[in-house]
Amino acid sequence: SLAADQVVQPQQDVSGPSWTGFYIGAHAGAAFGNMGYDIAPYDYQFGAEDFVYGVHGGFDYQFNNRWVAGFELGYTQLGADYSPFEDGGFGTLVKASSLYSISGRAGYLLTPQTLVYGRLGYAGIRLEAEEGFADTASKTVGAAQFGVGAETFLWGNVTGRVEANYYHALSKFRINGDSEIFDPHYLQVTAGLAWPNGAGNVLGVYLHGLFEDAAVL
Numbered sequence: 154s155l156a157a158d159q160v161v162q163p164q165q166d167v168s169g170p171s172w173t174g175f176y177i178g179a180h181a182g183a184a185f186g187n188m189g190y191d192i193a194p195y196d197y198q199f200g201a202e203d204f205v206y207g208v209h210g211g212f213d214y215q216f217n218n219r220w221v222a223g224f225e226l227g228y229t230q231l232g233a234d235y236s237p238f239e240d241g242g243f244g245t246l247v248k249a250s251s252l253y254s255i256s257g258r259a260g261y262l263l264t265p266q267t268l269v270y271g272r273l274g275y276a277g278i279r280l281e282a283e284e285g286f287a288d289t290a291s292k293t294v295g296a297a298q299f300g301v302g303a304e305t306f307l308w309g310n311v312t313g314r315v316e317a318n319y320y321h322a323l324s325k326f327r328i329n330g331d332s333e334i335f336d337p338h339y340l341q342v343t344a345g346l347a348w349p350n351g352a353g354n355v356l357g358v359y360l361h362g363l364f365e366d367a368a369v370l
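Under this note's numbering, think of the first position of the sequence shown as 154, with each following residue one higher.
Worth flagging that the hints you see were computed from the coordinates, not collected in a lab. Computed from a predicted structure; not experimentally measured. Please note that the accuracy of each hint is not assured.
[What the hints assert, rightly or not] Computed beta-carbon distance windows for the label pairs: (1) A181 with G271: 19 to 25 Å; (2) S291 with A183: 20 to 26 Å; (3) G313 with T245: 31 to 37 Å.
We put the beta carbon where it would ideally sit given N, CA and C, even for glycine.
Could you put together the complete structure from these sequences and hints?
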């Protein structure tokens with residue numbers, strides 16, 4: 154009779170959301186640039202700040218209840234003008250117009266809903282500069298990307314993130330005719346949203362099954 158009187162409590166799902174799957178998102182924030190400028194025999198360092206915005210997308214795989222890793226593609230619109238000599242009658246010396254990146258990230262789940270992570274990747278910074286008296290020259294300078302961030306589920310399948318990335322140029326922008334060399338470096342701080350894709354999550358579950366089968370074999 155005691156067993157009959159017991160109330161069976163329904164089990165609650167404490168596993169949390171799955172981080173496995175494709176996603177697409179948007180971000181905005183600020184970029185703090187440092188532009189090295191070398192024109193013999195002088196060597197300058199110019200600073201600039203700019204509002205930035207862009208899009209990103211990628212794929213994450215959750216290995217267990219604590220670890221997540223994946224890759225991401227990103228594009229950010231810049232508008233940083235460096236015009237240090239404009240008081241002397243000159244216009245923009247050099248401009249950083251855009252930045253694209255491909256990177257990997259790996260992180261640890263503080264809770265099932267919140268991920269902290271590090272990022273490492275490769276980026277291209279698009280530069281445009283004066284050449285001569287009336288011409289312009291442009292080049293995409295390769296850069297190493299280092300970043301840290303945190304991301305959490307806000308509502309439903311929508312996540313929010315805050316992230317800081319540093320871009321260190323691996324090459325320089327040389328204008329031989331003017332004997333000028335530009336060396337860009339950027340710190341970018343952004344916040345963004347991401348929307349996981351249902352079809353991508355189905356693929357992620359399939360890949361998870363493959364990993365489990367391989368582990369059994």
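Range hint 20 to 26 Å (beta carbons of S291 and A183) holds or violated:
Cβ of S291 to Cβ of A183: about 24 Å, so the range 20 to 26 Å holds.
task: Given the range 31 to 37 Å, decide if the beta-carbon distance of G313 to T245 lies inside it.
output: The hinted range 31 to 37 Å holds for G313 and T245, with Cβ atoms some 35 Å apart.
- Query: Honestly, do A181 and G271 meet the 19 to 25 Å range at C-beta?
  - Reply: The hint (19 to 25 Å, Cβ to Cβ) holds, given that A181 and G271 are roughly 22 Å apart.
Against the hints set out earlier in the document, no violation occurs for any number.
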